[in-house]
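Student: Could you put together the complete structure from these sequences and hints?
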Amino acid sequence: MGAFVKTTKVCAVAALGLGLSLGIAVSADPSAAIAAAAPASQATSSSIIVTSPTEVDENTPVEIAGTARPGSTLQVFGLPGEFVTPVEVSDDGTFSHRSERGFVAGVHTVTVSSGYLDSVVLDMRVRGADGTVPALIPLTVDEPTYVPGQRLVLSGRATPGASILVTAPSASLGSTDVTVRDDGTWSFVSTLPVRGTEHEVKVRQSGPAGTDYKIFTITADEPSFKPLTVDAPSYVPGQKVRLSGTATPNGAIN
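Residue 1 is where the sequence shown starts when you use my numbering, and the numbers rise one by one after that.
Derived from the structure by calculation, the hints contain no laboratory data. There may be inaccurate statements among the hints.
Label pairs and their calculated CB-CB ranges [unchecked claim]:
no. : residue 1 : residue 2 : range
1   : Pro169    : Pro227    : 23 to 29 Å
2   : Pro169    : Gly115    : 42 to 48 Å
3   : Leu243    : Pro160    : 33 to 39 Å
4   : Ser187    : Pro86     : 32 to 38 Å
5   : Glu100    : Pro70     : 22 to 28 Å
6   : Gly81     : Thr217    : 24 to 30 Å
7   : Asp142    : Pro70     : 54 to 60 Å
8   : Arg151    : Asp183    : 21 to 27 Å
Using 20 Å as the maximum straight-line C-alpha spacing, the simulated EDC-like pairs for lysine to aspartate or glutamate come out as follows [stated by the list, open to error]:
no. : residue 1 : residue 2
9   : Lys202    : Asp177
10  : Lys226    : Glu198
11  : Lys202    : Asp142
12  : Lys202    : Glu82
13  : Lys202    : Glu143
Given the structure is predicted, the values throughout are model-derived calculations rather than measurements. By construction, the Cβ of each residue, glycine as well, lies at the ideal position given by its N, Cα and C atoms.
Tutor: So this is what it looks like as structure tokens:
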């Protein structure tokens, strides 16, 4: 059984699949009036306050604006067509970024971050042509079993019909996307075995109702990861060298 280490680097909508509750952001220096106007979906421990609207119409430009530490650089994740966008904070502590490409109708997760421990997660509610916001079932990921040298197996719940994309920058997974079943469950099995003791994994849900995602770390624990041993080899010049020993079952020896 592999250990499962959850992080708070990026969260998803509602409970974000990580059990995080969302509230009003708190800052040491912006005025109380600005803080009161901040969207209710911001994290409570961040120095970043977003004051721009979090409910907009589909296919219209999106503005992310607010206050943060003067002179700092923020990173905005999740805007349409933009993986990560750097945004400079002016000397008066204000910032603003406009994305000309609008969202499709639904609920979308946007993260504004100034570092690993300081970020705000926004639930961008985007109205469709009928003026309503389609419902998005928050993405959840069950605790996975990870054994080095074997295929990665993930499962959870999400919006029926949505697409689930699984990526791990430090591992080759092979096929990376699946579709959520009609009952709201999904499962993923990598087509390639995953090697190594630790990987950061991102699971992203996308569909007509919107997008959200989770980032977590999978770590091989003691029962699943066996230290490498090498028996004393027998060596005869001019003949092939044969080595033997013990290691993690199904692991690769190079």
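Student: Okay, which hints does this one fail, numbers in order?
Tutor: 2, 3, 7
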